[in-house]
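Novice: Sequence:
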Amino acid sequence: MNTELVVITGPTACGKTAVSVEFAKLIDGEIISADSMQVYKTMDIGTAKVTKDETQGVPHYLIDELDPDEEFNVAVFQQYAKKYIANIKSRGKMPIIAGGTGFYINAVLYDNDFAKEKDAENDIRKELQEYAERNGADALHNILKSIDPLSAEKIHQNNVKKVIRAIEFYKLNDKPISLHNAEEKQREAAYNAKIFVLDMDRKRLYERIEKRIDIMLKDGLLAEVEGLLKKYSPALVSMQGIGYKEFVPYFNGECSLEDAVYTLKANTRHFAKRQLTWFRHQCPQAIWVDMDKFDTNYAAKFIKDNL
RNA sequence: GGCGACAUAGCCAAGUGGCUAAGGCGUGGGACUGCAACUCCCUGAUCCCCGGUUCGAGUCCGGGUGUCGCCU
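Sequential numbering from 2 applies to the first sequence in my numbering.
Keep in mind that the hints are not guaranteed to be accurate.
Said to hold, decoys possible - Pairs of lysine-lysine, BS3-like flavour, derived with a Cα cap of 27 Å:
1) K266 <-> K232
2) K266 <-> K219
3) K42 <-> K219
4) K305 <-> K90
None of these hints come from the bench; they were simulated from the model.
Whenever a hint applies, use it, and build me the whole structure from the sequences.
Specialist: Right, dumping it as structure tokens:
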């Protein structure tokens, strides 16, 4: 057993937090959160962030590290995560990545290259966005077709955001993103890692999701969102998080609270489903943990036994 | 018991005689390499049942069943 990094992931509300803490205690590990929203301070209830009590003294990183108006993305995550992994290892402890953002997890597992792009916080995106609005998604897609036919074939024309990214990449790097992606896919694993995906019966997972949201509401989710909206623009990436964006129309008097909660539950269910799709196809080496059969303690032991 | 309305996919719902029955939601599947809790794609019915009119019926007529409303 020469595992040097353990990943514990799975759909939202499947019990990742509890299992990862339990597992960390078992092997003297420290946890790096792979969650695009829990990094933000003051966004606690809606992100189902680990509470101080729940950490049981296990160190957690990438939680509460940024303000809601700071930018966080794969590249930033990767940088931080690599740093923390090295640090934890240097102290003889086991680094554990726990969280549900599969895209981020793979970025550190394969050490994908994001550095080439300078932060040319250019106007390219804005320009292309406007171009699409004015001339239609298909016109934008045609631009991509002319510079990178492979990507054009792969990215649906309605997926304006991804089409823009592909064009932007080409302009910034003078190289088609399809080529870049193909190269990145060839990468060897950067760590000797074991990845565990927690899963459970779909119906049960959905019940847990809805129940958890009801509890969030009792715990004061509304007040949390209202407070954040007073300080921050709803356009921020952080405010696009599930559990926050759904209440914007409610506070604007555009929908009832009941409607907002209904949408929130639906969005969370969809999110969980998307996560599962990702893990199924993007993490072929994953070991799946059936949480219908295991409780928290047993799951932690199971993970330990499978290192 | 009487009168009236309605009966289209899991739910909501267009359609009023004629191409292989809109759409929305949910569900399920999928994509994904600097916004990823993002963004996007795919996914279903012979129209309550029986009979009739018609070249042709979800769409008209009759009967049955069911639901809702009103009345006694």
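Novice: Mind listing which of the numbered hints don't hold for this structure, in increasing order?
Specialist: No numbers; nothing is violated.
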